[in-house]
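Student: Each chain is listed here by its residues.
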Amino acid sequence: MVSMMAVTIVIGLYIAFVATSAATTYAPLNDFDPKSAEITLGDGIEMSESYLYMFLATGKVDGISVTVSVPIFFEESRTFTVGDTSGPEYSATYLLLLDHSGGRKVPAVAEVRAYL
Amino acid sequence: MTAFADAMVFLVVIMVAISVSVLHSPTHDSSGIGPDDFLDVLGSIEVKLSDLTDVDDDTLVYLIDVMALSMFKDNGVTGYLEDILETIYGGDGYTLFMEFGSASSSIGTERQIYLAEDSRSYPVSTGGALYVTLRTL
Numbered sequence: 001m002v003s004m005m006a007v008t009i010v011i012g013l014y015i016a017f018v019a020t021s022a023a024t025t026y027a028p029l030n031d032f033d034p035k036s037a038e039i040t041l042g043d044g045i046e047m048s049e050s051y052l053y054m055f056l057a058t059g060k061v062d063g064i065s066v067t068v069s070v071p072i073f074f075e076e077s078r079t080f081t082v083g084d085t086s087g088p089e090y091s092a093t094y095l096l097l098l099d100h101s102g103g104r105k106v107p108a109v110a111e112v113r114a115y116l
Numbered sequence: 001m002t003a004f005a006d007a008m009v010f011l012v013v014i015m016v017a018i019s020v021s022v023l024h025s026p027t028h029d030s031s032g033i034g035p036d037d038f039l040d041v042l043g044s045i046e047v048k049l050s051d052l053t054d055v056d057d058d059t060l061v062y063l064i065d066v067m068a069l070s071m072f073k074d075n076g077v078t079g080y081l082e083d084i085l086e087t088i089y090g091g092d093g094y095t096l097f098m099e100f101g102s103a104s105s106s107i108g109t110e111r112q113i114y115l116a117e118d119s120r121s122y123p124v125s126t127g128g129a130l131y132v133t134l135r136t137l
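Order-wise, the sequence lines are chains P and B.
Sequential numbering of the first sequence, starting at 1, is according to our numbering.
Sequential numbering of the second sequence, starting at 1, is according to our numbering.
With the rest of the complex left out, here is chain P:
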């Protein structure tokens, strides 16, 4: 009876620990704001990498890459990468509405990968 109680308590504590650790570990992009990355469209897809360096400086991730796709208006997507991209990764996708030439407002898909 005592053994069973002990095992149950240990399992309960462990599950709580794993759940907390997983939630903390896998939310490195919670504070990432794709609008602050200042993605712009001109002759090509451009982005200010300074925000990526600032995000890297928070120490939450070792590296980060942003791949921006603008369907139809740009055949090729463009990827911006800073830091070390060899570790385990976590990704999130964002939909943005960007100004384009001639007054257009077109959707862009930004896939952000954080490397831990």
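The hints are simulated quantities; they were obtained by calculation from the structure and are not laboratory data.
Predicted, not measured: the structure shown is a model, and the values here were computed from it.
Virtual Cβ for every residue (Gly too), placed ideally from N, Cα, C.
Check the hints yourself; a few may be wrong.
To be verified - Once the Cα atoms are required to be at most 25 angstroms apart in a straight line, the calculated SDA-like pairs of lysine to any residue come out as:
no., chain 1, residue 1, chain 2, residue 2
1, P, K60, P, T81
2, B, K48, P, L96
3, P, K35, B, I45
4, B, K48, P, L41
5, P, K105, B, G108
6, B, K48, P, F73
7, P, K35, B, D37
8, P, K105, B, G128
9, P, K105, B, T87
10, B, K73, B, E110
11, P, K105, B, E110
12, P, K35, P, L98
13, B, K73, B, A103
14, P, K35, B, Y62
15, B, K48, B, F72
16, B, K48, P, S77
17, P, K105, B, L60
18, P, K105, B, V124
19, B, K73, B, D57
20, P, K105, B, S121
To be verified - If we take Cβ atoms under 10 angstroms as the criterion, some of the chain P residues that face chain B in the derived model are:
no., residue
21, M4
22, A6
23, L29
24, P71
25, I72
26, S77
27, V82
28, A92
29, L97
30, G103
31, R104
32, K105
33, P107
34, V109
Stated by the list, open to error - Among the chain B residues that face chain P by a calculated CB cut under 8 angstroms, a handful are:
no., residue
35, G32
36, D37
37, L39
38, V41
39, S44
40, I45
Using the hints provided, position chain B relative to the given structure of chain P.
Tutor: Chain B in isolation, oriented as in the chain P frame:
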């Protein structure tokens, strides 16, 4: 007592295995774009009429207007929407249903079960409203 020790050893081994697999999982994806996010953006997209139709007119129009037009005259808006939605949800991960007056059409893969769904009604500049439903896996 021996049974208790065996149980504890077993638990430790299982915990180590789970910890390694969870904390060092090579990838973890989270697509944060729900149907509501897409429909929020859809109503604000503006393109030139010549971008998606064979009309030689560079007037800026809302994509919603071109979608309504596509119900009666085939144009490039279906391919454009497919490109966007496939980039976000993958080729089989969505169904977009459009209804304008008595006309309707859909793109994507029809399924019985979806994980998320949202609908919006957008005013069309020529009158009436375009009703759009997006279902995603």
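Student: Would you check whether P/S77 satisfies its interface hint, that is, whether its CB is within less than 10 angstroms of any CB in chain B?
Tutor: Interface hint status for P/S77: holds (9 angstroms vs cutoff 10 angstroms).
Student: For the hint on B/S44, does the least C-beta distance to chain P fall short of 8 angstroms?
Tutor: holds, 6 angstroms
Student: Please verify whether P/K35 and P/L98 have alpha carbons no more than 25 angstroms apart.
Tutor: holds, 10 angstroms
Student: For the pair we were handed, B/K73 and B/A103, check the Cα-Cα distance against 25 angstroms.
Tutor: This hinted pair holds, its Cα atoms lying about 11 angstroms apart.
Student: Hint check: P/K35 vs B/D37, CA-CA at most 25 angstroms. Holds or violated?
Tutor: Given that 25 angstroms is the threshold and the Cα spacing comes to 15 angstroms, the pair holds.
Student: Would the hint linking P/K105 and B/E110 be met if the CA-CA limit is 25 angstroms?
Tutor: Cα-Cα ~29 angstroms, so violated.
Student: Classify the hint on P/K105 as holds or violated, based on whether any CB of chain B lies nearer than 10 angstroms to its CB.
Tutor: This hint holds: P/K105 lies near chain B, its Cβ roughly 4 angstroms from the closest one there, short of 10 angstroms.
Student: Have a go at the P/A6 hint: is there a Cβ in chain B nearer than 10 angstroms to its own Cβ?
Tutor: holds, 7 angstroms
Student: Taking 10 angstroms as the limit, does the beta-carbon of P/I72 come near enough to a beta-carbon in chain B?
Tutor: The hint holds - P/I72 has a Cβ within 10 angstroms of chain B, the shortest such distance being about 5 angstroms.
Student: Does the structure keep P/K105 and B/V124 at a Cα separation of 25 angstroms or less?
Tutor: holds, 17 angstroms
Student: Quick check on P/L97 please, does its C-beta sit within 10 angstroms of some C-beta on chain B?
Tutor: holds, 5 angstroms
Student: Under the criterion that the straight-line Cα-Cα distance not exceed 25 angstroms, is the pair P/K105, B/T87 satisfied?
Tutor: holds, 18 angstroms
Checked against the numbered hints listed earlier, the structure breaks hints 11, 27 and 37; every other hint is satisfied.
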